[in-house]
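Each chain, letter by letter, is given below.
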Amino acid sequence: MGILEVQNVNKRFGGLQALNNVNLDVAEGSVHALIGPNGAGKSTFLNCLIGKLKPDTGSVQFDGQPVLGKKPHEINQLGVARVFQTPEIFMDLTVFENVMIPCFAHRDGAFKINAFARVLRDKEIRQKAEDILEDMGMKEKMAAQSGSLSRGDKRRLEIAMCLVQEPKLLLLDEPTAGMARADTNNTIDLLNHIGETRKITKVIIEHDMHVVFSLATTISVLAQGAIIAEGLPEEIKGHPKVREAYLGEAEV
Amino acid sequence: MTLMRDRTLLIIFTLFVLAAPLIFAPTGAAYPDLLQRFAIYGIFAIGFNILFGLTGYLSFGHAAFLGVGSYSAVWMFKLLSMNILPALLLSVVMAGIFALLIGYISLRRSGIYFSILTLALAQMSYVLAYSVLTPLTNGETGLQLRLDDPRILDAAGPEGFLPSTNLFGLEMKEVFWNPTVFGYDLQFNWGYYVSAVMLILSFWISIRIFRSPFGLMLRAIKTNQTRLNYTGVNSRPYTLAAFVISGMFAGLAGGLLASMDPLAGAERMQWTVGGEVVLMVVLGGMGTLIGPVLGAIFIKYFENIFSKINEVVLQGWFSFLPDWLSNFLVTIVSPFVGRGWGLTLGALFMIVVIFLPGGLVDGARRIMRKITGADRRAAKARNE
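Those sequence lines, one after another, are chains A and B. Note that the first sequence ends on residue 252 in the working numbering; no numbers are left out. Note that the second sequence ends on residue 636 in the working numbering; no numbers are left out.
It is possible that part of the hints are untrue.
[Said to hold, decoys possible] In silico SDA-like links for lysine to any residue, alpha-carbon gap of 20 Å or less:
no.	chain 1	residue 1	chain 2	residue 2
1	B	K474	A	E88
2	A	K71	B	Y356
3	B	K474	B	S362
4	A	K112	B	S464
5	A	K70	B	R360
6	A	K52	B	N486
7	B	K474	A	Q145
8	A	K112	B	R460
9	B	K474	A	I113
10	A	K71	B	R488
11	A	K112	B	I461
Everything labelled a hint here was simulated from the structure, so no lab data went into it. Just so you know, these numbers come straight off a predicted model, no measurement behind them.
This is chain A alone, in the form it adopts within the complex (with noise of 0.2 Å):
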């Protein structure tokens, strides 16, 4: 029994089929990947995990709970966080700010109407982003508008955002798309430390190998809107069938 089960999923676009069949089973603590060639159908697959797109057919559990036809904001209530491709952080807000948000929503739930309670008299909340912001080494920062920080500053709140939510799983698609190598090592470095110190099952979509085998633990590939392989990354490194697939792609 995984955290997150993908039974029989399909979505067809008009003539495409994006999705064919898909199984998924994401066991919990475990850091899944999954990864494919441009237009294997990633995105549409994390569309249909978070309540953007509904598939025509198959089921989505998470923790023992359909979330199939689910809002964002009703997923996000069961446990489920997710990074962006582009960091999607409040720009206009302080780092501070940025992240009791997201404390707030976790503690008082998708809508509370406390028009007369005051966000700095909150010490629990206080206490609770400054502590995430300090784990993160972005204590420094907390006063600085968010949208002035840099690219990886940026990254880093977004999953600062997240963590302090104390979500079961994690949804990272593709964490270091547009990255220089120094700020792809740095984020590398940042998801291994969220692993030693919390036990949060995380899946991630992503298109750069040097990402992917520093940090799964287990990988899926997906090529045609098909789970074509599945295994521990020493076994998917030598699946003739990946490398058919990424024919032409020199990373694998």
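Starting from the known structure of chain A, arrange chain B on it as the hints suggest.
Quick look at chain B alone, frame taken from chain A:
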């Protein structure tokens, strides 16, 4: 630190509002009627800023709630009592219900579609008030008090006189103190002070909302709604709550307008009124605490003072110059004053939007920084 600064701001604001009849005396704006309007439109703008300034949802329909507030208040004067308290209460409640209805429909969309929906719904309310709802609104004539109104609580008034609105006996139009200070004839009026207390209360509520977790969520909606949804927050009820709150402020403002002058007409619901409050908030500084009030004062001042300057007044101003020059100046300036005050306002509005996107508050901040040299100090700190 923020809490301290807010308290100081509230104290300064309170003193400023209470001393307004004295402060505005040199500007020629210190007569009760205009001061009341400053305060009432200040409330309207403060409420609008909670929706527009915090969430970024631009509504063109808030005039409808102002109108609903006025009609409710006048009905209360006709049926129950000339005391303004029950009237204001009904104004706020009715406007809140109306806002819930209109907000529920319009907030199904965002951006320009939301704005258009609010505009359409408000115009529909305006047309309804003019035509179908005539039994309730008295159509084009407007809703007025009559001698034969039932007025359950205080029907026994002197024969032949319309009773005046009051707060437990304090009459709104009464000038209770009329001293002469520095040659200025000051008028302290109950109506203004009732509006002023409401304005201070509104300002305090607005500060609390700005600093609350609720306010933080509203600001988050403005910056990145996608992230907020994926953070587990349902943004729809937040925007609806902000819409209803701002609608209730508009209702309070409408009720106060009717309390100062007990009649209500459909023209108060017209979209130009809803557009004016947008101008006030943008001009003063959207998303700032004090900005909306400054914007409201600015625009109402222009509307009432600038519009009264005519050629004769101008000739008086320029009379010290040689005739040809004075005539020339009068010709140049006169299209921009008097009935043309809107031209000046429009030009000023453009200047503010282009050069001071943060509004008057932004301008004041820049000047302060120039004076104190904070800019230079910050730059120095960065270099070190």
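Here's how the hints hold up against the structure:
{"no.": "1", "hint": "K474/B to E88/A", "verdict": "holds (13 Å)"}
{"no.": "2", "hint": "K71/A to Y356/B", "verdict": "holds (19 Å)"}
{"no.": "3", "hint": "K474/B to S362/B", "verdict": "holds (11 Å)"}
{"no.": "4", "hint": "K112/A to S464/B", "verdict": "holds (11 Å)"}
{"no.": "5", "hint": "K70/A to R360/B", "verdict": "holds (18 Å)"}
{"no.": "6", "hint": "K52/A to N486/B", "verdict": "holds (14 Å)"}
{"no.": "7", "hint": "K474/B to Q145/A", "verdict": "holds (15 Å)"}
{"no.": "8", "hint": "K112/A to R460/B", "verdict": "holds (15 Å)"}
{"no.": "9", "hint": "K474/B to I113/A", "verdict": "holds (17 Å)"}
{"no.": "10", "hint": "K71/A to R488/B", "verdict": "holds (12 Å)"}
{"no.": "11", "hint": "K112/A to I461/B", "verdict": "holds (13 Å)"}
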